[in-house]
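Please take these sequences and the hints and turn them into a complete structure.
There are 2 protein chains.
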Amino acid sequence: MNIGVFGLGSMGFGMATTAVAAGFTVYGFDPNKDAVSRFVSAGGKQAIPRDVIEILDVVVVVVINAHEFAKAMERRCSGHGINYLDAPISGGSVKAAAGQLTIMASGKPMAFTQTDTLLNALSEKVFKLGDEAGPGSAMKVVNQLLAGVHIAAAAEAITFGVGQGISPTQCVEVISQCAGTSWMFENRGPHIADGDYTPHSSVEIFVKDLGIVSDIARQSRFAAPIAATALQQFVAASGMGLGAEDDSAVAKVYALQAGLSLPGDKL
Amino acid sequence: MNIGVFGLGSMGFGMATTAVAAGFTVYGFDPNKDAVSRFVSAGGKQAIPRDVIEILDVVVVVVINAHEFAKAMERRCSGHGINYLDAPISGGSVKAAAGQLTIMASGKPMAFTQTDTLLNALSEKVFKLGDEAGPGSAMKVVNQLLAGVHIAAAAEAITFGVGQGISPTQCVEVISQCAGTSWMFENRGPHIADGDYTPHSSVEIFVKDLGIVSDIARQSRFAAPIAATALQQFVAASGMGLGAEDDSAVAKVYALQAGLSLPGDKL
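Just so you know, the protein sequences line up as chains R and H, in that order. According to our numbering, the first sequence is numbered sequentially starting from 78. According to our numbering, the second sequence is numbered sequentially starting from 78.
Source of the hints: derived by calculation from the structure; they are not laboratory data. A couple of the hints might just be wrong.
Which copy? The list can't say, so a pair holds if one copy fits it or any two copies do.
[Unchecked claim] Below are the EDC-like pairs computed for lysine to aspartate or glutamate, each with C-alpha atoms no more than 20 angstroms apart in a straight line:
| hint | residue 1 | residue 2 |
| --- | --- | --- |
| 1 | Lys-185 | Glu-209 |
| 2 | Lys-205 | Glu-250 |
| 3 | Lys-202 | Glu-250 |
| 4 | Lys-205 | Glu-322 |
| 5 | Lys-185 | Asp-134 |
| 6 | Lys-202 | Glu-131 |
| 7 | Lys-205 | Asp-342 |
| 8 | Lys-122 | Glu-263 |
| 9 | Lys-205 | Glu-131 |
| 10 | Lys-185 | Asp-208 |
| 11 | Lys-110 | Glu-263 |
Treat the numbers as computed from the prediction; the structure is a model and nothing was measured.
Here is the structure:
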């Protein structure tokens, strides 16, 4: 089976190499030539899209998400006799590379049938959320609401703890074992404790994703004050020039506003 | 070893019965006579405090927390030759009853020595956070900041999902497997999905606990906008007359404000 993966970023690259390891023939496409070279070194194939598009059985598009994209794409694909699966992913780059993603999928039964073996290779769990595009993307937006709030809350709590005499390392160690923990706290907390803001996922991603949440919430007349507040913290981080740093750098907003120091913080 | 447990509420009762099961002689004290009767039925002992206080080796006080209580108590106990351990707990009533709490403790070495076997019986993990009262309580405040924010965020996300056509049951099932999950999401989400607001921990507890967080934050000039926003949602829930319901009833604030229905919601 021939697979095309469009987008070899932190998620797409891991998914593409996982598909290679699972025995698929995989063509990788990305405007970033370095990413394509690395993919070829990892056993992937390189081509101009129009040269191979006819032989691709499944095309995986791993690009920045946007609300309503899924429904519009399903309509557009349908006009060309192509089955579209609305299949957002969750789990981060490490799980993407390990074939352990969670996939929130919705689409026509044929779209599921055609992608079945590939989805199983890429993921630990595939949720089937409906027989048309839409619910997959909607669930992803709900997930991003929580993910963004939890990162900002982790930053708020860890920095608050610093002001109370608790070291970030101790805070991460203890809270991870308590009812206050979250997936994001355990994943991003160590970045703050280590003072390492090498971007796995950047501040700008949550300016975008919580922006999408806030746009949808406003349009649907849903008051989402916690998501709105968390968004402002990422906006402030970006405004401070931290947009390209790891999203956990939102902690620096709190530290700056409270006159506190964090590990590795040179602000 | 003779133990006295003051406070037989949702946490204290489980801890007291766990201590009984571990072979300690346990006296339970509570103004609620029903709780004391249930404790006696479960193998505990009942007495007037002044009749037994001389034979108690360890006294466990499981009452509503308040900031700075720990340091003042340590000073006061010290004047009477009593060793005080600042030992907040986390895990909820189910883990309390199973002897699987997380304990965040700080205090003099003698206070740890004297309570060692008891703490091990009550908990899965004891963190030793320092040799005087204070850090234990401070860590608990950090934990409550996150716990309260995560409950309100879970309510916000699940109700937002309802507006996007996602059922609370499906939301809880999927998000629990995604990066947006939290301990509180997995614990309280099912209450919302089931429409069951029987209080395990009530809305008023988080009006209090996030109130403590906000008081400390303001006094220490630490801007904590996410905790402050979450607090307002619990305040609104209490203002709607939901103070005695399970804290997950904060979801009803969101539903009411958006004209949405939740399972079992009669508002």
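Self-check item: Hints that the structure is at odds with (numbers, increasing)
Solution: 4, 6, 7, 8, 9, 11
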